[in-house]
Every structure is written in C-alpha cells, then in structure tokens.
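Enquirer: Chain by chain, the residues run as shown.
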Amino acid sequence: MTFDISKTWCRNAGAREDGLDIGAGVIAADPMFTHEGGADESPEASRLALGRFINLMRRDQGLSIEALADKADIEIGELLSLENNAAHLPDVRTLYQLSEVFGVSQEKLMGLSGLTHANDDDDDYVEEAVRYAAKSASVEVLTEDEHEILNGLISVLSENAKHK
Amino acid sequence: MIATTPSDVTPVWLTKRSIKETVDAELWHGIVDKNLADWEAEWIPDLQRRLKLLNLQKVERRFWPQSRYWDWRDKLREIERRLANLSFAIVAEDMTQAMMTIDLTKRARMPGHEGQHLVYIDFLEAAPWNRNDLAEEPAKFGGCGSILINAAIQQSILEGFKGRIGLHSLPQANSFYANACEMTDLGQDATYENLRYFELDPDSARSFIEKGKGE
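Chains as they are written, first to last, in this note's numbering: chain A, 1 to 164; chain Z, 1 to 215.
No lab work stands behind these hints, which were simulated from the structure alone. Please note that the accuracy of each hint is not assured.
Stated by the list, open to error - Computed footprint of chain Z on chain A, listed as stretches where at least three residues anywhere in the stretch have a Cβ under 8 Å from a Cβ of chain Z: (1) 20 to 27; (2) 48 to 54; (3) 86 to 96.
To be verified - With a straight-line Cα cutoff of 20 Å, these simulated PhoX-like cross-link-like pairs (lysine-lysine) come out: (4) Z:Lys75 with Z:Lys106; (5) A:Lys7 with Z:Lys211; (6) Z:Lys16 with A:Lys71.
All values derive from a computational prediction rather than experimental measurement. The beta-carbon is built from N, C-alpha and C at its ideal position, and this holds for glycine as well.
With the hints as constraints, model all of the structure from the sequences given.
Expert: Here it is in structure tokens:
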C-alpha cells in the first residue's frame with residue numbers, strides 16, 4: 001500500500017526543513033557526550049562576541065538579516081540565532097560562508113563559536129574579541145565608537161593578525 | 001536475504017537547493033539491496049571525505065556527525081526476518097537520499113498516552129550530501145526528514161496507532177524534531193545514551209500531515 005503525499009506538501013516540508021539536520025537513532029559506538037550536544041560546554045562569552053561581531057558587520061554593511069543571509073547563502077534562522085542566542089552552536093559551513101563575506105579568518109570564527117579550541121599560543125584573539133565586543137552597546141545605528149570597535153574586531157579576527 | 005525490489009513505491013518530491021525547485025523522487029517501502037549498495041559505494045566515501053575536512057578544520061570530534069558509525073547492512077540484517085520492523089528509503093536521481101527503519105512493538109511514554117502503541121523510529125539518516133553539519137557544502141536535497149516522518153505517521157495510522165510516533169533524536173537534529181515536526185520533547189533518556197526522546201500524539205500527527213497540504 002502506498003501513501004498519499006502531495007507535491008505541495010513536499011515543497012512546503014522542504015522549506016520548513018531547510019538548514020536542519022534530521023538524524024535519529026541510538027549511536028551505540030563511541031558516545032562522546034553526556035550533555036545536550038556540546039553547546040553548553042563552550043564559553044558563552046566568546047559566542048556572544050561572535051554574535052556581536054556579526055551584528056556589527058552586518059549593520060556596517062547596511063544589510064538586513066535577510067540580505068546578509070542571502071548574500072552568505074545561509075539560513076535566516078541560523079543568522080538570527082547566531083546574533084541573538086549565545087547557546088546556539090553554528091554549523092561549520094555557516095562560519096565558512098560568513099568568513100568569506102566578511103573577509104576574516106574562518107578558523108578564528110570557529111574558535112569564537114566553540115567549535116574548535118584555540119591553541120594555547122594563539123588564543124589571545126578570543127579574549128581580545130570578547131573585550132572588544134563587551135565595549136559595544138546595542139543601539140539601532142552604528143555609531144563612530146562602534147565603527148572603531150568593529151575595526152578592532154576586524155583586525156583581531158583577520159587572517160594575519162599577530163597576538164602577543 | 002535483502003530484497004532486490006521495494007514492496008511499494010510512493011511518489012514524493014524533494015527540494016533541490018541549487019535550483020530551489022522540487023524534483024521527482026520515490027519513497028521506497030523497504031530498504032533493498034540497491035540502497036545498501038548506494039550506502040556502501042557513495043555514502044561512506046563521501047562521509048569520510050567530509051570527516052577529513054572537519055578534522056582539517058580542527059572541529060572537535062564531539063561535534064562530528066554522531067551517526068558516522070552506523071552500518072545499514074547490519075541494521076537490515078538484524079530486522080529482515082522480523083515482521084514488526086519495517087524500513088523505507090528515499091531515492092532521487094537514481095541515488096538513495098535517506099533511509100529509515102521503524103519498530104512497531106514500542107509503547108508511548110507521553111503523559112496521557114502511556115502504554116499506547118506507536119511507531120518507533122529506530123534509525124533515520126540522510127545521505128552525507130543532504131546534511132548541514134558536514135563541512136562547507138550546502139545540503140543538496142531538502143525534505144527527506146519530513147517525508148520519512150510523514151511515512152512513519154501514515155504507517156502508524158495503518159497499524160491502528162492513530163499516528164503516534166516516537167524517536168530518539170541525534171543532538172544535531174533536536175531542532176528539527178522540536179520545531180519543524182513540533183514533536184513533544186520528553187527530555188534526555190539516560191538509557192539511550194542521553195539522547196532526547198520525542199513523541200508525536202495523534203492530534204499533532206494529524207496537524208503535521210495537514211500542515212502545508214494546501215498552502
């Protein structure tokens with residue numbers, strides 16, 4: 001016996017499912033987590049800094065959430081979560097796409113997100129980024145100060161930035 | 001002995017992300033030898049390539065896809081003689097895009113529904129190229145998860161279980177089951193490797209099937 005699943009239903013379902021993973025079932029080998037999936041173990045402060053950086057960059061470029069999501073080819077929901085939810089663990093691809101759009105280091109964005117651990121010798125950028133982000137306040141228009149803070153963040157997160 | 005042809009085929013449609021259009025696909029009632037061949041010859045090498053990328057990018061192993069150890073041939077061998085286990089596969093462009101096995105012997109845990117029969121989804125997985133948690137490429141086809149959940153609900157109705165389904169979500173998929181499927185999250189299950197357990201009651205199942213039908 002076959003099922004009744006219409007084309008319209010499939011199209012709408014495909015849109016709802018966009019950007020989400022679907023796996024279900026017991027792992028049964030090498031279970032490496034005893035928590036919600038890792039996000040809660042990553043430093044929230046650095047993820048807040050990541051969200052703040054993305055917010056500032058987006059506004060600096062005059063882009064709406066939707067426009068940036070379109071430009072970076074990522075999901076709107078993912079971008080919203082990244083900017084506003086420090087518990088959200090982004091996909092590797094999302095950070096890759098954003099690093100391409102913003103011209104900063106993917107590796108460092110991943111370090112800020114908690115997906116990777118920065119090397120001991122090279123982890124100053126996380127602390128510096130958090131410090132810069134902490135200086136900014138949430139306002140509608142990007143102020144001169146925010147421009148300055150953003151420039152600081154860009155320099156910290158650039159590929160060739162040197163750290164003490 | 002794994003079958004060579006599915007018992008039935010339901011026409012379905014997947015969303016091809018690159019062209020943002022739906023393409024013809026098929027829901028196969030029964031995972032068959034061709035699906036396992038696709039898994040061995042295409043899924044595994046592609047998964048390994050993506051794992052290499054994650055490793056190169058120094059992504060911590062706890063964020064790698066947890067289903068990377070799954071052996072679908074073993075899973076099928078285990079259930080092939082059991083009448084209470086069924087399997088499904090989605091095929092598009094002559095390639096297996098997702099697979100699912102279900103168990104008809106489990107009972108509901110949700111308050112108000114305890115002890116009622118349900119369709120329990122043992123395993124559900126999309127091909128590596130249809131996943132978002134693997135490296136830098138966007139998912140190729142969308143809709144596999146929803147179609148398989150739809151199939152599980154319809155099978156549940158056929159069995160007289162009124163659409164009730166249950167499953168243990170992999171951590172990366174919690175959002176899909178909680179938000180896109182609107183399943184009830186019954187929390188982490190210490191007896192199932194701390195995975196979160198989700199259930200859909202008959203009303204929510206009906207709503208899932210109806211949602212988007214005529215939009």
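Enquirer: Each hint needs a verdict: does it hold in this structure or not?
Expert: Structure-based check of all given hints:
Residues of the region 20 to 27 of chain A lying with their CB closer than 8 Å to a CB of chain Z number 8, which satisfies the three-residue condition for coverage. Counting residues of the region 48 to 54 of chain A whose CB lies closer than 8 Å to any CB of chain Z gives 0, which falls below the minimum of 3, so the coverage claim is violated. Counting residues of the region 86 to 96 of chain A whose beta-carbon sits less than 8 Å from any beta-carbon of chain Z gives 5, enough to reach three: the coverage restraint holds. A hinted pair counts as satisfied when its Cα atoms are at most 20 Å apart, and Lys75 of chain Z with Lys106 of chain Z qualifies at roughly 17 Å.
Of the supplied pair hints, the one linking Lys7 of chain A and Lys211 of chain Z holds, its CA atoms being roughly 13 Å apart against a limit of 20 Å. Proposed proximity of Lys16 of chain Z and Lys71 of chain A is supported: the alpha carbons are some 19 Å apart, at most 20 Å.
In this structure, only the earlier hint numbered 2 is contradicted, and the remaining ones agree with it.
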